[in-house]
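Chains as they are written, first to last, in the working numbering: chain U, 1271 to 1766; chain A, 1271 to 1766; chain Y, 1271 to 1766.
It should be emphasised that the hints constitute simulated quantities derived from the structure, not laboratory data. None of these values were measured; they are calculated from a predicted model. Among the clues, some could well be false.
It does not matter which identical chain is meant; a pair holds if it fits inside one copy or across any two.
Result set (BS3-like, lysine-lysine): computed pairs, CA atoms no more than 27 Å apart in a straight line [as the list claims (entries may be wrong)]:
#, residue 1, residue 2
1, K1636, K1466
2, K1700, K1673
3, K1652, K1565
4, K1700, K1763
5, K1673, K1636
6, K1680, K1763
7, K1680, K1614
8, K1550, K1384
9, K1622, K1466
10, K1484, K1652
11, K1474, K1565
12, K1304, K1763
13, K1700, K1437
14, K1304, K1375
15, K1636, K1680
16, K1440, K1763
17, K1342, K1565
18, K1565, K1340
19, K1691, K1304
Here's the letter readout for the chains.
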Amino acid sequence: MKTYLLLTLLITFLFLGAVNKYGDNTPKLQNVSKETQECIDCHAYYSPGIVNDWLSSLHSKTTPLEALSKPKLQRRVSNENIPSELQNYVVGCFECHSRNVENHKDSFEHNGYKINVIVSPNDCKTCHLEEANQYSESKKSYAYDNLMANPVYHLLVNTIDGVKEVKDGKITSREPSDETLMETCLGCHGTKIEVKGMRTVQLKDGTIDVPDLKNWPNQGVGRINPDGSRGACTSCHPRHSFSIEIARKPYTCAQCHLEPDVPAWDVYKESKHGNIFFSKETEWNYTNVPWVVGKDFKAPTCAVCHNSLIVSEDGEVKAERSHDFGARLWVRLFGLTYSHPQPKSGNTSIIKNADGLPLPTTFTGKLASEFLIDKAEMDKRKSVMMNVCESCHSTSWTENHFKKMDVTLKETDEMTLAATKLMVSAWDNKLEDNKNPFDEIIEKHWVKQWLFYGNSIKYSSAMTGAPDYSSFKLGWWELSENLQEMKELIEAKENR
Amino acid sequence: MKTYLLLTLLITFLFLGAVNKYGDNTPKLQNVSKETQECIDCHAYYSPGIVNDWLSSLHSKTTPLEALSKPKLQRRVSNENIPSELQNYVVGCFECHSRNVENHKDSFEHNGYKINVIVSPNDCKTCHLEEANQYSESKKSYAYDNLMANPVYHLLVNTIDGVKEVKDGKITSREPSDETLMETCLGCHGTKIEVKGMRTVQLKDGTIDVPDLKNWPNQGVGRINPDGSRGACTSCHPRHSFSIEIARKPYTCAQCHLEPDVPAWDVYKESKHGNIFFSKETEWNYTNVPWVVGKDFKAPTCAVCHNSLIVSEDGEVKAERSHDFGARLWVRLFGLTYSHPQPKSGNTSIIKNADGLPLPTTFTGKLASEFLIDKAEMDKRKSVMMNVCESCHSTSWTENHFKKMDVTLKETDEMTLAATKLMVSAWDNKLEDNKNPFDEIIEKHWVKQWLFYGNSIKYSSAMTGAPDYSSFKLGWWELSENLQEMKELIEAKENR
Amino acid sequence: MKTYLLLTLLITFLFLGAVNKYGDNTPKLQNVSKETQECIDCHAYYSPGIVNDWLSSLHSKTTPLEALSKPKLQRRVSNENIPSELQNYVVGCFECHSRNVENHKDSFEHNGYKINVIVSPNDCKTCHLEEANQYSESKKSYAYDNLMANPVYHLLVNTIDGVKEVKDGKITSREPSDETLMETCLGCHGTKIEVKGMRTVQLKDGTIDVPDLKNWPNQGVGRINPDGSRGACTSCHPRHSFSIEIARKPYTCAQCHLEPDVPAWDVYKESKHGNIFFSKETEWNYTNVPWVVGKDFKAPTCAVCHNSLIVSEDGEVKAERSHDFGARLWVRLFGLTYSHPQPKSGNTSIIKNADGLPLPTTFTGKLASEFLIDKAEMDKRKSVMMNVCESCHSTSWTENHFKKMDVTLKETDEMTLAATKLMVSAWDNKLEDNKNPFDEIIEKHWVKQWLFYGNSIKYSSAMTGAPDYSSFKLGWWELSENLQEMKELIEAKENR
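Could you put the whole structure together from the sequences, leaning on the hints where they help?
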């Protein structure tokens, strides 16, 4: 008899394990605060999708006390001093939306409670202290200012996004609208959310008054929140599941890191790593903490190389977790207008180059070195990344890979320099006007040379390759053809 | 003892449930008509793929009588008066291919039976009455005529698809061939299938005579069938599984709704909704009827917003099912050449604008209002869509979203108007000839302005965004650059 | 009691089956050679990802003796005379890396063993004899020479990939670097790997000496290996799982067969076949040998049509396995510069056309027939492919499909001819210089006509369609617009 009992229990155990893996979302609500329960009672009717999504989250199933009780490497919370009044309730609606109301311009009275519309990184910091701190100094966190407080980039934004009018054959441009900014550049970079006052909205059975927010909805990485903080954790951990699985899958990064300017996703899809991911995707474990290389996954997703805590099966830490997504990067591929060592500060609008412009390189490629990390820091970061690569590749494989990348950065930068020379000659010969370097046709070709084609090749090189991409699709074909087109335009304009 | 028994049975039950979820396709054929059994006996040898695909379908497992016995919300059939001779057999080869033979020019004698090659919406209507009726009045159903019976669009088709010849430096164009039309425009819009007679085909062990069909194979949404009906249910429910799962997944819509002209799929892939779908895709339920928001799925696919019957977990209907895919749409994003209220009739070739052309807007944006739905109807449809959004988003979130979209429609239409002015100035100055507004180089830039770039931004705006897409990939970058290119072309041509 | 026992055992059995399906990778190492065990002991520490990946492979679980004992149709090895000293060990590190060391310039002493860095097709041939032999005569195997030993294509490569410099308004080009070739053309075609000597690499706790390889890492299909063999089995069966599943999924082919020049993947994604694959992907069986149409899969992946051993459920062979990926192809879609019958030899650099150039067609489309397969061979191959199609489609469906494709090939070739005529007129009028037919702006438009737009439409036609792709995305729109642009460029240059 005992055998059957044990066997049956074993099967039950294994089986329940299998079921849980794919999520048994039956709401077995335990340790829910009475405030959160009140939210749920009403919102299960008004917005069932939100409630169900939250029910699928770890937040709905774990109290901070339980989360803190795990061995350090397995923890998903990093503040050892979570306020005691929060420790024994699961992380529900009220726990998050009632944080720091005194700082929140978007806080309002809602059925007897003071809550905030937007939960900001500063609120998440209550439990996820280290992550919020790392993030707050990253380039992502400064993504709004890095674009909009930099007069050069701001001019590029305005040139692209402003509505144009044609009068007497002349094209003029208006300032871009908030709405268009919100769904173009600031869709990824983040908007500056403002509270305009309160407004009344009509529900299916009555009305309520809620804060009237400008430049919202938005989940850009550098969003300026109504509490003054920067960023949106929901960029990568979507509401209300706040899933580590989603954040670790490349589809998340694919929301913004796209061709033609930042084609990380496009390159990944065509790489060997991508092939293995897509082929074996459903067999891997995306929720394990720490994340075990070779066991939980067999080829990297974006998060593996850039920020997750990676260990080997025997517990050796291959890479520490970081929510500063540049922490393992030494060179900045992204040509603005040439590749360069990573900036020291996440706030790049403070950079001044030798031309006096807030750019990391001059027009001809001279580095604004004072604002960029030095050789020692570069070497340190490179060795962190190489440690990840070497979990699956030999040292000589890895070294050769990065040597090849160095050549690519040099050559694509030379191709940008060639385009720059053609543009300068057009300016010198009064064919175009350098007042705005982004609005005329030869200038636009120059922008495409570094922003689209140069960058595409650089990303392809760094990420072990998308050969057809580097060749014919936004690669060397375009880089060479674009230069030839610039020359043709110059000759045509000279002959008018 | 009893505990073990119950536990074991419970496990068995749960486990078998899990197995069934992933489809046990063992052919347990029951209630098959003798005619269908005869088809299968032969076709299991000649075309095993077809037979196996059908075996995976609900059609092979359910009789109409069983289908009708379900509670109304759970039904997949809508005709309460299915012919009694069909009610007790599963829906097999003969049941579908022998419908209404008298109307079918493609009917023929095949081993003693009179059958049709093509099963049309009019045949599917036998059981799926409401769906076929809704579909038959939709724009999709008229997709062939909407393109080919509209002289303006037909000219665009011919200009693109005709083989060009070069003689003495001049380019002339032939009429497009049926074959090229079939695999370009009419691949999605549908061909007009004609029966040319009979032909003899060689099988591996003999010959048979079958109808000789012209413009076939094709599964375009507005296909003109040999029985005179319009449409192809197999556009979205592929033969012979006729799967609701496939139709509800976005890959189906991705067959046609693609960049650069209708980039719904491209936008979805890069949106937050798409991210969540791709990350959690394998955990959702795509076959449940009705479809429960928050439980069966946690982010929308195309079908969720546009046509499925959506309920909340407590059974409240969030949106009724409709096979008129425009039923929840108030504004037509698709700029032809400007956005406009949805047309009243699915047949858009009947529209006449103030210029006398069969277009919903004039050249400068004036609406052909008489043929378009009014404000009340627009508001009604918008409220249906908002009801879907509000299952997961607050009312103020949703309102802000659509306000933003309104600004985008206005601005992209202004960018089209700017391009129109440049083209008109080129015509006025005899740089190009307005006889065919699609064939010269400035004209082609004008087409790209609304058909590619304007539309891309509009879709991105409506679908909660693909920011990089709206910015650099067929977005504002192109919209602005294209205008500048038009200006350059004009100046170059003026100076010749 | 017995009932419970049986039931419990049944459940256990079923359940373990389910678990195994998703891979229980617990290393139950059996029959590992002592040499391989020694490799693992060390590499589990230095490169755990490699070891874990291999543990997930069939190689780690099967001895050649076991593999050979299967019925012939189920076998994955084709050499009946595998060396006896290998037959009783699983296929581990040492078994593969110690093959034929005498031929390997990359062999070296490593902890007491003589091993090779690169395992070549000639090594895999030890067990996979037929596959290696078939591959070695295919176009893929000759992909390096077919590009680099053909002076015309080599000139195209150099024109695209060489770094350009601008001096006095003139553009000059350097020879491409090995690094850029490695990550563009040769990323897919394969590099020529050379051994430069030995080098010392720094590990985390010491140094080792390893061969210093040039043009490596690379997994291109025509890689020239240090043992003189051609190809890399890891192009499609990635190290170290060597998975048949991955090779059978389309993501593998998607590493290289991409828009704009060879858009098989792009077309597949938008086709009905692709829709069904993506919708049902996780339910199919990708490891069964032989592969059963209708049961293991319900729509084709690349491998189904092009090289896998396909049978019907009753065991009838629908198509034989071939690792010559052109074995089922009669016409070569790929326009160089026009479509043509498949070449007789995988080595296409031996072709000479009537102009004396190593191209399968002349400038105006005349075939180099002597080097191309004849009508009888074309018919034979076509019937093999049609046999695959007819597993799921009727004969008349299939015939109509290929008739349509023939028209498309003819028409797109006519569109290339039109572009050729314009380019020749530009040469005749000294607007451009025909010395290098790839470097000037009208010439580049000519290249795009056949290499990008013509090819895209041809692939779309052959693969049952991606209608929007053939129309607006690298299709007829571009084909027609490009011609118009060529005409404009000619007129502009004539008027300078």
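Against the structure, the hints:
For a Cα distance limit of 27 Å, the shortest separation of K1636 from K1466 qualifies neither inside one copy, at 44 Å, nor across copies, at 34 Å. For the identical chains of this complex, K1700 and K1673 are neighbours neither inside a copy (41 Å) nor across copies (43 Å), given an alpha-carbon limit of 27 Å. Proximity of K1652 and K1565 under a CA criterion of 27 Å is satisfied intra-copy only: 24 Å inside one chain copy versus 44 Å between copies. In the homo-oligomer, the alpha carbons of K1700 and K1763 lie at most 27 Å apart both inside one protomer (10 Å) and across protomers (20 Å), since each shortest distance falls under that limit.
Taking the shortest Cα distances, K1673 and K1636 sit within 27 Å of each other inside one copy (22 Å), while across copies they are farther apart (45 Å). In the homo-oligomer, the alpha carbons of K1680 and K1763 never lie at most 27 Å apart, since the shortest distance is 31 Å inside one protomer and 34 Å across protomers. Proximity of K1680 to K1614 under the C-alpha cut-off of 27 Å is restricted to the intra-copy arrangement: shortest distance 22 Å within a copy versus 42 Å between copies. In this homomeric assembly, K1550 and K1384 never come within 27 Å of each other (Cα to Cα): the closest approach is 46 Å inside a single copy and 34 Å across copies.
For the identical chains of this complex, K1622 and K1466 are neighbours neither inside a copy (35 Å) nor across copies (44 Å), given an alpha-carbon limit of 27 Å. With identical chains, the CA atoms of K1484 and K1652 are at most 27 Å apart between copies only, with a shortest distance of 22 Å across copies and 41 Å within one. In this assembly of identical chains, K1474 and K1565 lie within 27 Å of each other by CA distance solely across copies; the values are 22 Å between and 50 Å within a copy. Proximity of K1304 and K1763 under a CA criterion of 27 Å is satisfied in neither setting, with 73 Å inside one chain copy and 74 Å between copies.
Proximity of K1700 to K1437 under the C-alpha cut-off of 27 Å is found in both arrangements, the shortest distances being 23 Å within a copy and 19 Å between copies. In the homo-oligomer, the alpha carbons of K1304 and K1375 lie at most 27 Å apart inside one protomer (25 Å), although the nearest pairing across protomers, at 69 Å, exceeds that limit. Proximity of K1636 and K1680 under a CA criterion of 27 Å is satisfied intra-copy only: 13 Å inside one chain copy versus 43 Å between copies. Proximity of K1440 and K1763 under a CA criterion of 27 Å is satisfied in both settings, with 17 Å inside one chain copy and 16 Å between copies.
In this homomeric assembly, K1342 and K1565 come within 27 Å of each other (Cα to Cα) only inside a single copy, at 20 Å, whereas the closest approach across copies is 34 Å. Taking the shortest Cα distances, K1565 and K1340 sit within 27 Å of each other inside one copy (21 Å), while across copies they are farther apart (30 Å). Taking CA atoms no more than 27 Å apart as the test, K1691 paired with K1304 passes in neither setting, with 68 Å inside one copy and 63 Å between copies.
Taken one by one, the earlier hints fail for this structure at numbers 1, 2, 6, 8, 9, 12, 19, listed in ascending order.
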